[in-house]
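*Asks:* Turn these sequences into a full structure, and let the hints guide you.
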Amino acid sequence: EAGVTQSPTHLIKTRGQQATLRCSPISGHTSVYWYQQALGLGLQFLLWYDEGEERNRGNFPPRFSGRQFPNYSSELNVNALELEDSALYLCASSSRSRDTEAFFGQGTRLTVV
Amino acid sequence: QKEVEQDPGPLSVPEGAIVSLNCTYSNSAFQYFMWYRQYSRKGPELLMYTYSSGNKEDGRFTAQVDKSSKYISLFIRDSQPSDSATYLCAVDPNTGNQFYFGTGTSLTVIP
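The listed protein sequences derive, respectively, from chains A and B.
In terms of the numbering used here, the first sequence is residues 20 to 132.
In terms of the numbering used here, the second sequence is residues 1061 to 1171.
Keep in mind that the hints were calculated from the coordinates and are not lab data.
Don't be surprised by glycine CBs; every beta carbon is placed ideally from N, CA and C.
Take the hints with a grain of salt, since some may be wrong.
[Stated by the list, open to error] Here are some chain B residues the structure puts well away from chain A; computed CB gaps all over 10 Å:
{"id": "1", "residue": "GLN1066"}
{"id": "2", "residue": "LEU1071"}
{"id": "3", "residue": "SER1072"}
{"id": "4", "residue": "GLY1103"}
{"id": "5", "residue": "LEU1106"}
{"id": "6", "residue": "GLY1119"}
{"id": "7", "residue": "SER1142"}
[What the hints assert, rightly or not] Partial chain B-side listing against chain A, Cβ under 8 Å, derived:
{"id": "8", "residue": "GLY1076"}
{"id": "9", "residue": "TYR1099"}
{"id": "10", "residue": "PRO1104"}
{"id": "11", "residue": "LYS1130"}
{"id": "12", "residue": "TYR1131"}
{"id": "13", "residue": "GLN1158"}
{"id": "14", "residue": "PHE1161"}
{"id": "15", "residue": "THR1163"}
{"id": "16", "residue": "GLY1164"}
*Replies:* Structure follows, in structure tokens:
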């Protein structure tokens, strides 16, 4: 069974640009979570999508946004990139019946220069 | 106060040693506790998941929750070089799937 897949693996952007990160959950999972892992910091919760709806949002500015598609895949968009947005962005998925067991993808390493 | 606090390490042990990794959490209402292992340049991998208090064992790994002291631990027996990774504790407050993670403990097992 395929795990959570994220693309691209690496992304380099210039300050002020927009970045789009993609995530495909495990087949059968309806929930997708996005986390930011900056160097030296723990995983910081960004967004939670379930059944196409945004269910919860972490303490991040509105320039961090996303959506979930009918096939449960998800996009994370970061507008007006700042240098401190450089981090590993992790996507996780879980099923409704066992929503505490979240499985992570490999992440997208975003570098803002 | 952060929801989860974790000893950052780094921790370096000889092969075969018993490793103890620890976290504390702030809210006595938390009931779901997880341990993730993260290898360098990889995403976190779910190792253990426990509900409420007590111990849970899986091979060389034992997760322990002490709700009276709000303390969670992961023990690794007969540690192997392949166990070298960063270990993250996490709690699920069950209020919207916003897991709270510790900052991670870096472990190196020396052959």
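*Asks:* Run every hint past the structure and note whether it holds.
*Replies:* Structure-based check of all given hints:
no.	hint	in the structure
1	GLN1066	violated (8 Å)
2	LEU1071	holds (17 Å)
3	SER1072	holds (19 Å)
4	GLY1103	violated (4 Å)
5	LEU1106	violated (6 Å)
6	GLY1119	holds (18 Å)
7	SER1142	holds (18 Å)
8	GLY1076	violated (29 Å)
9	TYR1099	violated (10 Å)
10	PRO1104	holds (5 Å)
11	LYS1130	violated (17 Å)
12	TYR1131	violated (18 Å)
13	GLN1158	holds (5 Å)
14	PHE1161	holds (4 Å)
15	THR1163	holds (4 Å)
16	GLY1164	holds (6 Å)
Violated hints, listed in ascending order, are 1, 4, 5, 8, 9, 11 and 12; each of the other numbered hints is respected by the structure.
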